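What follows is each chain in one-letter form.
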Amino acid sequence: MLKFARNKVVSAARKDRDTLSIHGILDDDIYGLEVDLCVGIKDLQILSIAGKWNRHTTPECPSAIPYLQEVRGFHIDEEIGSKLNKIVGRKGCRHFANILNECCYAAAEAAKVVRWEDAKAARPDLSFEGFLKEEAAGGAQVGDSWPPSDQAGNASPSPPPPHVEVPREERHGSNPFPARPEPSSNGFVIDLHVHTFPASPCSSASADSLIEEARRIGLNGICLTDHNHVWTPEKVEELRQRHGFPIFRGNEITTDQGDMLVFGLERDVRGIIKLQDLRREVLAAGGFLIVAHPFRGFLTFSGEQLGLTPEKAARRPLFQFVDAVEVLNGKVTAKENGFASSVAASLGLPATGGSDAHEVSEVGTYATRFFGEIRTEAELMRALKSKEYVPVAFRRETGVPARENRPAEVQAS
Amino acid sequence: MSDNILKFSMNRCLSVERLDEDTLRSVCRLRDTFTSASVEILAGLPDLEIIGASGEFHHEWQKVPELDDILRKLPGVRIGAGMLKIIKGLVGEEDHLRQLTYMVEECCQGVILSLTKDILVQAPVSEEGKLEFFSKMVRDSIRLYNRCAAFAPGSRLVEGIDPNQ
Numbered sequence: 001m002l003k004f005a006r007n008k009v010v011s012a013a014r015k016d017r018d019t020l021s022i023h024g025i026l027d028d029d030i031y032g033l034e035v036d037l038c039v040g041i042k043d044l045q046i047l048s049i050a051g052k053w054n055r056h057t058t059p060e061c062p063s064a065i066p067y068l069q070e071v072r073g074f075h076i077d078e079e080i081g082s083k084l085n086k087i088v089g090r091k092g093c094r095h096f097a098n099i100l101n102e103c104c105y106a107a108a109e110a111a112k113v114v115r116w117e118d119a120k121a122a123r124p125d126l127s128f129e130g131f132l133k134e135e136a137a138g139g140a141q142v143g144d145s146w147p148p149s150d151q152a153g154n155a156s157p158s159p160p161p162p163h164v165e166v167p168r169e170e171r172h173g174s175n176p177f178p179a180r181p182e183p184s185s186n187g188f189v190i191d192l193h194v195h196t197f198p199a200s201p202c203s204s205a206s207a208d209s210l211i212e213e214a215r216r217i218g219l220n221g222i223c224l225t226d227h228n229h230v231w232t233p234e235k236v237e238e239l240r241q242r243h244g245f246p247i248f249r250g251n252e253i254t255t256d257q258g259d260m261l262v263f264g265l266e267r268d269v270r271g272i273i274k275l276q277d278l279r280r281e282v283l284a285a286g287g288f289l290i291v292a293h294p295f296r297g298f299l300t301f302s303g304e305q306l307g308l309t310p311e312k313a314a315r316r317p318l319f320q321f322v323d324a325v326e327v328l329n330g331k332v333t334a335k336e337n338g339f340a341s342s343v344a345a346s347l348g349l350p351a352t353g354g355s356d357a358h359e360v361s362e363v364g365t366y367a368t369r370f371f372g373e374i375r376t377e378a379e380l381m382r383a384l385k386s387k388e389y390v391p392v393a394f395r396r397e398t399g400v401p402a403r404e405n406r407p408a409e410v411q412a413s
Numbered sequence: 001m002s003d004n005i006l007k008f009s010m011n012r013c014l015s016v017e018r019l020d021e022d023t024l025r026s027v028c029r030l031r032d033t034f035t036s037a038s039v040e041i042l043a044g045l046p047d048l049e050i051i052g053a054s055g056e057f058h059h060e061w062q063k064v065p066e067l068d069d070i071l072r073k074l075p076g077v078r079i080g081a082g083m084l085k086i087i088k089g090l091v092g093e094e095d096h097l098r099q100l101t102y103m104v105e106e107c108c109q110g111v112i113l114s115l116t117k118d119i120l121v122q123a124p125v126s127e128e129g130k131l132e133f134f135s136k137m138v139r140d141s142i143r144l145y146n147r148c149a150a151f152a153p154g155s156r157l158v159e160g161i162d163p164n165q
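Taken in order, these protein sequences are the chains called A and B. Position one of the first sequence corresponds to residue 1 (the numbering used here), numbered consecutively onward. Position one of the second sequence corresponds to residue 1 (the numbering used here), numbered consecutively onward.
The shape of chain A in the complex, shown without the other chains (with noise of 0.2 Å):
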């Protein structure tokens, strides 16, 4: 028996000579919704849309008809699918999006048609995939490409900046601070999972903005984990230098298993790597390998409804192959965050604490208290090897307002 169905249905026809005209209709078990787009043949501009809904969940999902009106004047192109994720999605409703999506493909391939018929006008031995081949060879037409690169609505991660090669013995361990933070009676506390703009462009918080927080705030230090991008030694100690403030590298990758947290690993790596061959590397490296905010969403549906426990989250195979775990995210349910707590506890796995801040006013909610000063890379990674260390809601314990951000701040690279 069926548990659930969608269907979708598009079609496009040519309205007039510059025009066309789709229409999409999607219908599933739980939604109901159509839409109708005017998209110029020349250039993929879309001219007019209207929708309707058929049938919704919530008595507000009408509200969402109106953000339709702000994709006229798009251009079906790679970029389309993020416009409209983040327009019609986040702002509308995501499966106004999916239908509208669906409906460009459609444009796109209608107009390759279109385009062909009129070139068999004057050419009526002209075959679909001759003609394609010529358009090819004149260069890329608008809206070739799709679907397009995102279905949920992230722009496409920028290449991260070209990766400099440093010897060894500059790697770790030979930098102390100008001006030491002592660790107080507290311990020496670490906010380990930081993401800077422009490093991590999800991030809005530049790394200058990011480390006078920390230290506003009282943390001893933060480490700077932007998502598959490599700090080179130099500009980390400049930023040291600078503030005078312990700074430290990491990485946060993806692999197929989820995001992972990665100390001592220089490579650069692009893409999404395999947990396994992941943890060779980090091996190899002398590394250390956190998995970051493993529950994150698990419990929507994987807890109550499905009947997920700790004893069988513990085992999912990919807490084989790290060396902690990170049970305070700040970007989890503290239900997810307690959850994970219980497994890394269940599997004797070391616990760390991480913002994942990406806004000045995140850094610190969540750290990891080491109890000795901690002043290089290397001292951070036998102190991460120790597994002496907890995790702490440091902005909670220590009773630290959240500062308001200031505009000139946001975005500053």
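Since the hints were derived computationally from the structure, they do not count as laboratory data. Please read these numbers as outputs of a predicted model, since none were measured by experiment. Please note that the accuracy of each hint is not assured.
As the list claims (entries may be wrong) - Quick list of in silico lysine-lysine cross-link-like pairs, BS3-like style, CA-CA up to 25 Å:
1. Lys63(B) / Lys331(A)
2. Lys63(B) / Lys335(A)
3. Lys130(B) / Lys52(A)
4. Lys73(B) / Lys274(A)
5. Lys117(B) / Lys52(A)
6. Lys63(B) / Lys112(A)
7. Lys15(A) / Lys112(A)
8. Lys3(A) / Lys63(B)
9. Lys331(A) / Lys136(B)
10. Lys312(A) / Lys73(B)
11. Lys335(A) / Lys136(B)
12. Lys331(A) / Lys274(A)
13. Lys136(B) / Lys91(A)
14. Lys91(A) / Lys73(B)
15. Lys274(A) / Lys133(A)
16. Lys52(A) / Lys15(A)
17. Lys91(A) / Lys85(B)
18. Lys73(B) / Lys85(B)
19. Lys85(B) / Lys274(A)
20. Lys120(A) / Lys15(A)
21. Lys42(A) / Lys91(A)
22. Lys63(B) / Lys133(A)
23. Lys130(B) / Lys3(A)
24. Lys91(A) / Lys63(B)
25. Lys86(A) / Lys73(B)
26. Lys15(A) / Lys91(A)
27. Lys133(A) / Lys120(A)
28. Lys117(B) / Lys136(B)
29. Lys120(A) / Lys42(A)
Chain A is already provided as a structure; the job is to place chain B on it using the hints.
Only chain B this time, still in chain A's reference frame:
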């Protein structure tokens, strides 16, 4: 030439069924003017992890590499937050692979929607009951806050909800 004849048409069908106590099967089929394709994934419960993937793909002029080689990268990926980046990275984002990637994503979305349906069938019929039901849904899963117009600030469904608490 008649202007009533379609220049392009497309049907995409997604279906999810429970194979057994521990497995969901999600199948996405596409038939359009140029493409005939299907992708099937098996999702293990309760982890919602992809445990199998297969498919076929025919296109009028694009050549697609051996599907088995691509789809065998998927087992182990969890269906849920962060999956789209992983799927794109594993399947590929080149032009000739985008449709395939999209169909894998659709299969995964189908699994999520099938589980969402299990929750939504419990929604009351009355307007007042619905407001209360969906408001509680946001409180229980705060990631929904501001994810769409219905759950955006100003909506009756998120009145009194502070996403930072």
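Hints, one by one, checked against the model:
no.: 1; hint: Lys63(B) / Lys331(A); result: 41 Å, violated
no.: 2; hint: Lys63(B) / Lys335(A); result: 46 Å, violated
no.: 3; hint: Lys130(B) / Lys52(A); result: 21 Å, holds
no.: 4; hint: Lys73(B) / Lys274(A); result: 9 Å, holds
no.: 5; hint: Lys117(B) / Lys52(A); result: 21 Å, holds
no.: 6; hint: Lys63(B) / Lys112(A); result: 18 Å, holds
no.: 7; hint: Lys15(A) / Lys112(A); result: 15 Å, holds
no.: 8; hint: Lys3(A) / Lys63(B); result: 33 Å, violated
no.: 9; hint: Lys331(A) / Lys136(B); result: 20 Å, holds
no.: 10; hint: Lys312(A) / Lys73(B); result: 24 Å, holds
no.: 11; hint: Lys335(A) / Lys136(B); result: 16 Å, holds
no.: 12; hint: Lys331(A) / Lys274(A); result: 24 Å, holds
no.: 13; hint: Lys136(B) / Lys91(A); result: 21 Å, holds
no.: 14; hint: Lys91(A) / Lys73(B); result: 34 Å, violated
no.: 15; hint: Lys274(A) / Lys133(A); result: 37 Å, violated
no.: 16; hint: Lys52(A) / Lys15(A); result: 21 Å, holds
no.: 17; hint: Lys91(A) / Lys85(B); result: 21 Å, holds
no.: 18; hint: Lys73(B) / Lys85(B); result: 14 Å, holds
no.: 19; hint: Lys85(B) / Lys274(A); result: 14 Å, holds
no.: 20; hint: Lys120(A) / Lys15(A); result: 19 Å, holds
no.: 21; hint: Lys42(A) / Lys91(A); result: 29 Å, violated
no.: 22; hint: Lys63(B) / Lys133(A); result: 14 Å, holds
no.: 23; hint: Lys130(B) / Lys3(A); result: 23 Å, holds
no.: 24; hint: Lys91(A) / Lys63(B); result: 37 Å, violated
no.: 25; hint: Lys86(A) / Lys73(B); result: 29 Å, violated
no.: 26; hint: Lys15(A) / Lys91(A); result: 30 Å, violated
no.: 27; hint: Lys133(A) / Lys120(A); result: 14 Å, holds
no.: 28; hint: Lys117(B) / Lys136(B); result: 16 Å, holds
no.: 29; hint: Lys120(A) / Lys42(A); result: 17 Å, holds
Hint compliance for this structure: hints 1, 2, 8, 14, 15, 21, 24, 25 and 26 are broken, all remaining hints hold.
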